[in-house]
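Colleague: Top to bottom, those sequences are chains U and G.
78 is the number that the numbering used here gives to position 78 of the first sequence; each next residue is one higher, with no gaps.
21 is the number that the numbering used here gives to position 21 of the second sequence; each next residue is one higher, with no gaps.
Honestly, the hints are just simulated from the structure, not real lab data.
Treat the hints with caution; some may be incorrect.
[Claimed, not checked] Calculated cross-link-like contacts (lysine-lysine; reagent style DSSO-like; alpha-carbon spacing at most 30 Å): (1) U:Lys-20 - G:Lys-56; (2) G:Lys-99 - G:Lys-2; (3) U:Lys-55 - G:Lys-99; (4) G:Lys-2 - U:Lys-64; (5) U:Lys-66 - G:Lys-56; (6) G:Lys-42 - U:Lys-66; (7) U:Lys-14 - G:Lys-42; (8) U:Lys-20 - U:Lys-55; (9) U:Lys-55 - G:Lys-42; (10) G:Lys-56 - U:Lys-41; (11) U:Lys-64 - G:Lys-99.
Fair warning: this is a prediction, and the values are worked out from it, not measured in the lab.
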Amino acid sequence: GAVVSQHPSRVICKSGTSVKIECRSLDFQATTMFWYRQFPKQSLMLMATSNEGSKATYEQGVEKDKFLINHASLTLSTLTVTSAHPEDSSFYICSASGRERYSNQPQHFGDGTRLSIL
Amino acid sequence: QKEVEQDPGPLSVPEGAIVSLNCTYSNSAFQYFMWYRQYSRKGPELLMYTYSSGNKEDGRFTAQVDKSSKYISLFIRDSQPSDSATYLCAMMRMDSSYKLIFGSGTRLLVRP
Numbered sequence: 001g002a003v004v005s006q007h008p009s010r011v012i013c014k015s016g017t018s019v020k021i022e023c024r025s026l027d028f029q030a031t032t033m034f035w036y037r038q039f040p041k042q043s044l045m046l047m048a049t050s051n052e053g054s055k056a057t058y059e060q061g062v063e064k065d066k067f068l069i070n071h072a073s074l075t076l077s078t079l080t081v082t083s084a085h086p087e088d089s090s091f092y093i094c095s096a097s098g099r100e101r102y103s104n105q106p107q108h109f110g111d112g113t114r115l116s117i118l
Numbered sequence: 001q002k003e004v005e006q007d008p009g010p011l012s013v014p015e016g017a018i019v020s021l022n023c024t025y026s027n028s029a030f031q032y033f034m035w036y037r038q039y040s041r042k043g044p045e046l047l048m049y050t051y052s053s054g055n056k057e058d059g060r061f062t063a064q065v066d067k068s069s070k071y072i073s074l075f076i077r078d079s080q081p082s083d084s085a086t087y088l089c090a091m092m093r094m095d096s097s098y099k100l101i102f103g104s105g106t107r108l109l110v111r112p
């Protein structure tokens, strides 16, 4: 159980292109989804937190107009990197967490999207 | 000082060895403790999830939490080459934020 699917796994595109990444929870309802960025040999850096039906909360230093997050349903969140440039090249990972009354549920991660901007 | 400290390694052990991975933390508000395994170019996979202090065992894996010392451990028995990966500890407060605070990850290499 607790499977999170992320698509696409790999994107190579030209500078100036906008790229959309999808994150789906396949067998549970994800009340909260998270988007991370990971640089080589480093830990995960949280970019934003999104709750279904509300605006995402961005971490300090993350441009919300650059990284558009939509969490329209309990099973789907999308991250759109707008007008991507080479410095946006990175490994982007989503995670999803359900919620039970009186307890926090762990985050389950997708397999990541490797984004390369030429 | 980082909220969560974890030795980056690499840690190299022979097959069959018992592996001990550790993290220390500074924020006493952490109540949930997790260990994730991450293979290269993949997302983290949840291995263990514990609440508050104590031990939890799942197959070859044992997680320990000592809140008085702000210290958590993951033990891997009978380690296998397939266990070679980066292991990330993560912690969460008991509030509505649900944010995870990660350690930097320890690279483990199990030699055949």
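Colleague: Are the hints correct? Go through all of them and say.
Modeller: Checked hints:
With a C-alpha separation of about 39 Å, the suggested pair Lys-20 of chain U and Lys-56 of chain G falls outside the 30 Å cut-off, and the hint is violated. This hinted pair checks out: Lys-99 of chain G and Lys-2 of chain G have alpha carbons roughly 16 Å apart, not beyond 30 Å. A threshold of 30 Å between alpha carbons decides the hint, and for Lys-55 of chain U with Lys-99 of chain G the separation of about 16 Å falls inside it, so the pair holds. This hinted pair checks out: Lys-2 of chain G and Lys-64 of chain U have alpha carbons roughly 26 Å apart, not beyond 30 Å.
Of the supplied pair hints, the one linking Lys-66 of chain U and Lys-56 of chain G is violated, its CA atoms being roughly 42 Å apart against a limit of 30 Å. About 24 Å separates the Cα atoms of Lys-42 of chain G and Lys-66 of chain U, which keeps this hinted pair within 30 Å; it holds. With a C-alpha separation of about 24 Å, the suggested pair Lys-14 of chain U and Lys-42 of chain G falls inside the 30 Å cut-off, and the hint holds. Between Lys-20 of chain U and Lys-55 of chain U the CA atoms are separated by roughly 17 Å; this keeps the pair inside 30 Å, and the hint holds.
At roughly 28 Å between alpha-carbon atoms, Lys-55 of chain U and Lys-42 of chain G fall within 30 Å of each other, so this suggested pair holds. Our distance criterion of 30 Å between C-alpha atoms is met by Lys-56 of chain G and Lys-41 of chain U, whose separation comes to about 29 Å. Taking the CA atoms of Lys-64 of chain U and Lys-99 of chain G, the gap is about 18 Å. The hint holds against a cut of 30 Å.
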